[in-house]
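Start from the sequences and build out the full structure, keeping to the hints where you can.
Chains as they are written, first to last, in the working numbering: chain A, 1 to 329; chain B, 1 to 329.
Quick caveat, the hints were computed from the structure, so don't treat them as lab data.
Note that identical chains are pooled: a pair holds if it fits in a single copy or bridges any two copies.
Simulated crosslink set (DSSO-like; lysine-lysine; CA at most 27 angstroms straight-line):
(1) Lys110 x Lys82
(2) Lys268 x Lys26
(3) Lys268 x Lys173
(4) Lys173 x Lys329
(5) Lys329 x Lys26
(6) Lys329 x Lys277
(7) Lys26 x Lys173
(8) Lys268 x Lys329
(9) Lys82 x Lys106
(10) Lys277 x Lys26
Number of protein chains: 2
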Amino acid sequence: MTTRIQVGVLGFGGLGQAAARVLAPKQEMVLTAAADAQGYAYNPGGLDPDRAIATSNQQGSLGYLEPEGTLSHQSIPDLIGKATGVEGYFLALPNLPNTFMANVAKEFIKSGWRGVLVDALKRTSAVEQMRQLSSSLAKAGITYMTGCGATPGLLTAAAAIAAQSYAEIHSVKITFGVGIANWEAYRATIREDIAHMPGYDVEKARGMSDAEVEDLLDKTNGIISLENMEHADDLMLEMAGVCSRDRVTVGGVVDTRNPQKPLSTNVKVTGRTFEGKISTHTFTLGDETSMAANVCGPAFGYLKAGISWHRRRIYGLFTAAEIMPMFVK
Amino acid sequence: MTTRIQVGVLGFGGLGQAAARVLAPKQEMVLTAAADAQGYAYNPGGLDPDRAIATSNQQGSLGYLEPEGTLSHQSIPDLIGKATGVEGYFLALPNLPNTFMANVAKEFIKSGWRGVLVDALKRTSAVEQMRQLSSSLAKAGITYMTGCGATPGLLTAAAAIAAQSYAEIHSVKITFGVGIANWEAYRATIREDIAHMPGYDVEKARGMSDAEVEDLLDKTNGIISLENMEHADDLMLEMAGVCSRDRVTVGGVVDTRNPQKPLSTNVKVTGRTFEGKISTHTFTLGDETSMAANVCGPAFGYLKAGISWHRRRIYGLFTAAEIMPMFVK
Chain A
1 MTTRIQVGVL
11 GFGGLGQAAA
21 RVLAPKQEMV
31 LTAAADAQGY
41 AYNPGGLDPD
51 RAIATSNQQG
61 SLGYLEPEGT
71 LSHQSIPDLI
81 GKATGVEGYF
91 LALPNLPNTF
101 MANVAKEFIK
111 SGWRGVLVDA
121 LKRTSAVEQM
131 RQLSSSLAKA
141 GITYMTGCGA
151 TPGLLTAAAA
161 IAAQSYAEIH
171 SVKITFGVGI
181 ANWEAYRATI
191 REDIAHMPGY
201 DVEKARGMSD
211 AEVEDLLDKT
221 NGIISLENME
231 HADDLMLEMA
241 GVCSRDRVTV
251 GGVVDTRNPQ
261 KPLSTNVKVT
271 GRTFEGKIST
281 HTFTLGDETS
291 MAANVCGPAF
301 GYLKAGISWH
311 RRRIYGLFTA
321 AEIMPMFVK
Chain B
1 MTTRIQVGVL
11 GFGGLGQAAA
21 RVLAPKQEMV
31 LTAAADAQGY
41 AYNPGGLDPD
51 RAIATSNQQG
61 SLGYLEPEGT
71 LSHQSIPDLI
81 GKATGVEGYF
91 LALPNLPNTF
101 MANVAKEFIK
111 SGWRGVLVDA
121 LKRTSAVEQM
131 RQLSSSLAKA
141 GITYMTGCGA
151 TPGLLTAAAA
161 IAAQSYAEIH
171 SVKITFGVGI
181 ANWEAYRATI
191 REDIAHMPGY
201 DVEKARGMSD
211 AEVEDLLDKT
221 NGIISLENME
231 HADDLMLEMA
241 GVCSRDRVTV
251 GGVVDTRNPQ
261 KPLSTNVKVT
271 GRTFEGKIST
281 HTFTLGDETS
291 MAANVCGPAF
301 GYLKAGISWH
311 RRRIYGLFTA
321 AEIMPMFVK
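This is how it looks when you write it as C-alpha cells:
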C-alpha cells in the first residue's frame, strides 16, 4: 500500500551512507537499492539503513547484507538489471578517475533503464563529460540532474536566484568551510579535495595511501586551503545564461580535524542593477549544517524534481541552476 | 529579423515604468505592449520606454502615446485583443481592491489568449484567489506564475532552496527593508504597505487621499513598520511542501523619506538536519538593490521560465517556489 518512490544509492562510503540516513525518515521516498564496488542489495520493500551501514562497515560490502545482498564485481549493471522498481538513483560515487561518473551514466544508457539520475559532481571537466551525453540521455528516456550537491548544487541554485536582481552579473564567489572530526570517514571526498591542491591532481590524490594522506595533513595541521578550484558552478551558471564561466570562482578551507567549520560557507553574487547600482547578494549556510546534509538534502530534492519532469516525459541533462528542487517529506 | 520575445506590461505606475526600464537593454525580450487605466499602446516593433514613461507622466496615460497609443476605459481587454504577438505579460498592477488581479486573470481566460502571465502579488488571500483559477488557467492554455516579485518571489525561492539542507523546517522569517526617496513615486505600493498597518485594511488605505497619507507619514517620521504581515510566502512555501504556512513570517520596515534601506532585506530559514542539528541559512539582499530591481528582475526571470514551460505545453498556476527563474539577457 506504499506510494513511496523507490530510490537507489550508488556508492556506499560516507556520502552514500549519509544518503541512506537522510532517506530513512522520508514518507515520500524509500531506499530500496544500493551498491558499492564489491556488491549490491535490493529489496523493493526497503533496505534497513542501520543494517546496511553496519554490514558495509563491518564486512566491507553491501553484498554481505542478509538476505538482500549479492556479491558482484559488476555491481552497478547487475543492480540496474535487477532493481526494476527504482525510479531514481543518487550517484554518491567518488568520481575517481574523473571519467568514472560518465561511464556509469553510459551503463545506464546501455541498460535500457528509464528514470532519474542525480549526481553531486564537482569538477567542470566532469560536468562537461555529462554535457556530451545529453542527447544520448534524452534518447534513452533518462532525466539526468548533474551538479546537484552543495557546491555545485545548493549554492549554484542560490546564485541563479540571486542573479535575478541584476541586469548583469560581475562575479559569483563561492567560499566554503568544511569541518570534519575525522577525515577517515570521508576518505574519497578528502582525496578529491587534495586533488585540487597545488602540485596534486586526481590521479595522484587517488594513488595516495592513507598514511600518505595522514602525512600531508600533519604538515598542514589538518587544514586543506583551496583557491580557484575547478568547480562546475562556473559551467553550470554559464549554461544557465547567468554569466560567463570566468566570472565564477570557488575556494574554501577544509579542516579535517575539527567538526567546527573554519568559516561560514557562502556565495556572493555581485552585479549591476538596471539603474546602474553595483551590489552584492549573499547566501550563507548555517555552520551547524554538515557537508552530508548540504549535499544529500539537495540531491534528493533534485531527484524529486527530476521525477516530476520525467513523468512529464522531459528527458536529457539538467543542472542545479535550471530546475527548482522540491522538498522531500 | 528579431527573435526577441514580445512582452507586455499591465499597469504603468512606478513598478510598470521600472519594468519598462529593466526590459530596455534586453536582447531576448522587447516591450511591445503596455496599458494603464485610461489607455494602452502596442507596437510589435517595440515601444520606446523613455517616450512611454514621459507620455504617461506628462499626459496621464499611455493612450496619448503617438502613434501607438489608444485611449480606452477597457484598456486591458482591448490590448489583449489587439496585441496578438505578445507571449507574456507582467501584471504590474496594484491589487486594489484585493480581487483586482484575479479579475484581470479572468479577462485573459475569457479572451482566448494563450501565453504566460506573471504577477508580483503580495497577499496570501490574493494568491488564494489565483489558486482557485488554476484549472481554468490550465484549460485556457495559460501558464500563470504568481508571487514572482521580491517577496513573495525572490526571497521565497531562496527559502525553497535553503530548505533543501534540512529534514524539517522550523521557521522561515522574512524581514525586509525598503528605502525610497519620495513616496509619491510609489503611491499604490505605499498604500498597499499602509494597508498592513494596525487599524488599516486594503479598502481604507485605498481610500486615503495623498494628504491623508502625508499626515500619517508625518506622524511616523516617514517610517512604516510592519509585523506578521499577510504575505503569500506562507501559502507558497506550504504549496511547495516546505512547511506549514504558520511557520512563515514576514515583517519589515519601510522608510518613505530616505533611499537608504533601514535594514538589509533577508530571509532566514531554520530547520533540523537529518543528524538532528538545528541551524539557520540566511539569504541577504545587497542594500544598493532597489525594490524595483528586486521585483522586476525576478518577474521577467519567471516570465522567461514560464515561456519555456508554455512551449512545452505545461499550463496552469505555478509559484516562485516551484520553478527556477531563468536569467534574461
